[in-house]
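Could you build the full structure based on these sequences and the hints that come with them?
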Amino acid sequence: MKILLWNYSDKCVNFCKDAYMQKTAIERNMREFSLPETAVKNLDDNTMRYFIKASMGFLHNVLRLYNDNRVLVRKNNGIQKILKYHESSYLIIKAKAMLILAYCIDDEENEKIMTGAGVIVFIMQLLTSALDSPTHTSKNYSFSALETVMGLNKLASNDDNKLKIVGAGILPSLHKMLGNDFSTNEKSVALQCLWRLSFHKENKEPIRKVKGLLDRVNRLKDDPGSDQTIVRPCDGIVFNLEEKPRNKETTGKAQSAGHIMISYQWDVQDTILELRTQLEENGHKVWLDVDRMEGSILSAMAEAVENASVVVVAMTERYKNSDPCRTESEYAYKLSKPIVPLLLEPKYKPNGWLGALLGMQLYVDISHEDWMEKKFPNVLQKINAKIGSKPPIVNESATVVDAPVIGSAPNRAASRQASAPTSKLLCRKWDKEDVAKWAKNSGIDGLASHLSSFDGPALEGLHKMLKRSPDFYYACVKAELKLNLLQMLQFTNALEDL
Numbered sequence: 001m002k003i004l005l006w007n008y009s010d011k012c013v014n015f016c017k018d019a020y021m022q023k024t025a026i027e028r029n030m031r032e033f034s035l036p037e038t039a040v041k042n043l044d045d046n047t048m049r050y051f052i053k054a055s056m057g058f059l060h061n062v063l064r065l066y067n068d069n070r071v072l073v074r075k076n077n078g079i080q081k082i083l084k085y086h087e088s089s090y091l092i093i094k095a096k097a098m099l100i101l102a103y104c105i106d107d108e109e110n111e112k113i114m115t116g117a118g119v120i121v122f123i124m125q126l127l128t129s130a131l132d133s134p135t136h137t138s139k140n141y142s143f144s145a146l147e148t149v150m151g152l153n154k155l156a157s158n159d160d161n162k163l164k165i166v167g168a169g170i171l172p173s174l175h176k177m178l179g180n181d182f183s184t185n186e187k188s189v190a191l192q193c194l195w196r197l198s199f200h201k202e203n204k205e206p207i208r209k210v211k212g213l214l215d216r217v218n219r220l221k222d223d224p225g226s227d228q229t230i231v232r233p234c235d236g237i238v239f240n241l242e243e244k245p246r247n248k249e250t251t252g253k254a255q256s257a258g259h260i261m262i263s264y265q266w267d268v269q270d271t272i273l274e275l276r277t278q279l280e281e282n283g284h285k286v287w288l289d290v291d292r293m294e295g296s297i298l299s300a301m302a303e304a305v306e307n308a309s310v311v312v313v314a315m316t317e318r319y320k321n322s323d324p325c326r327t328e329s330e331y332a333y334k335l336s337k338p339i340v341p342l343l344l345e346p347k348y349k350p351n352g353w354l355g356a357l358l359g360m361q362l363y364v365d366i367s368h369e370d371w372m373e374k375k376f377p378n379v380l381q382k383i384n385a386k387i388g389s390k391p392p393i394v395n396e397s398a399t400v401v402d403a404p405v406i407g408s409a410p411n412r413a414a415s416r417q418a419s420a421p422t423s424k425l426l427c428r429k430w431d432k433e434d435v436a437k438w439a440k441n442s443g444i445d446g447l448a449s450h451l452s453s454f455d456g457p458a459l460e461g462l463h464k465m466l467k468r469s470p471d472f473y474y475a476c477v478k479a480e481l482k483l484n485l486l487q488m489l490q491f492t493n494a495l496e497d498l
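Reminder that position 53 of the sequence shown reads as 53 in full-length UniProt numbering, one-by-one numbering, no gaps.
Where hints are given, some of them may not hold.
Stated by the list, open to error - In silico DSS-like pairs for lysine-lysine, Cα to Cα no more than 25 Å straight-line: (1) 75 with 349; (2) 337 with 375; (3) 464 with 17; (4) 349 with 374.
It should be emphasised that the hints constitute simulated quantities derived from the structure, not laboratory data.
In structure tokens:
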């Protein structure tokens, strides 16, 4: 059973989500780490060592593919249960323990566990070993380069770790992973890590100094064959490393609009859409990116910040850990835009870069169901106070977008109006050509032939089927679209993001 869980969780995102919903498998694994038989001293026994390796392999997979599982791992002193295996003399056990912790620890625990650079240096050894292998998987540690960089990227959520990771010598390895010998997924993960590292001001110059690195980033960004998992982080890296201020001449026309920009992470989108409606009903113009920066749209985001009278920051832990969200809010801060912070996750306390950016500002808690009745007046009062004047009259003739919001940055910026519909509404109006564009921008253009007969309503029907009857959905997709397992996972992930 252990081996089955370990192997199946390695590729199946929905299985990892189900593990979170069901809880039993993860909680049983965590309880086993408290048993006397699983103590570090007993790992000399081959059977026990393999048992622990399989348990940790399962945990690493469910955390890597669905990080909400960290809540279950952390319960009942879970961090300490895993941390004890750091003392193991068996490198594979030590490696698994460190990568599990990378997905679970918070900033406070990071300061206690990541003392010095020892842990990060060890994980860098895993990466070096993987990159030395023709398969990009370490023979000694059984970790792939992709898995290892994903773990380092999680550690890099902490700003102190960003500096340690670059200091440990990761930049040449990330540069290597952008070469032709590496898959799109490997390139994408390396670029995401590089984007995150580039937020630290002391990392910017070392990144610029790696010979050929930024040239390669720009080539990938401008390559017509690059999908959005490549283009988006490339844009982010270039944006973070820009030394000269943006040319704002093109934004003069929109400057008079004085809209409210809402910066949020997609998991709270329903609440944000309700907030937008209320603000519009009170006479405000609202700029809202309902597609959360999919594709190359950083210039559209920058224009939205530049032309905002106020920026509303919707705080959650996922927001704090999102590179696109950090790009938005730090750019607003850089331009001295008034910021109104809202709390959308119960009991969350802003920390790290988000806590530092907001300083001592008071926020409004709208994380509860009755926020509309009890808290919206406070939100409106704060926004009006920041603007310092009455809200502008909303142009009721504003254009409503009737095509997928998946185009290039300039087109999206021009068409994105205060009352832009959600992607679910847009999906209903798509034709076959729009579905093909969606597939390309979702990174699944390789499945275009399988989707050639699909229009928007058909895609929406599949989306509903996935939500209401997953078993029937998977059976239909397998039988009708003739997708293999990997294709099915890629298509389902894209469909869930609609």
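Verification of the supplied hints:
Restraint check: the Cα-Cα separation between residue 75 and residue 349 comes to about 19 Å, which is no more than 25 Å; the hinted pair holds. For the suggested pair residue 337 and residue 375, the alpha carbons sit about 23 Å apart, so the restraint of at most 25 Å is met. Taken as a hint, the residue 464 and residue 17 pair is honoured in the structure, with Cα atoms around 18 Å apart against an allowance of 25 Å. In summary, the hint linking residue 349 to residue 374 is supported, as the alpha carbons are separated by about 21 Å, within the 25 Å threshold.
Violation of the numbered hints given earlier is absent; every hint is satisfied by the structure.
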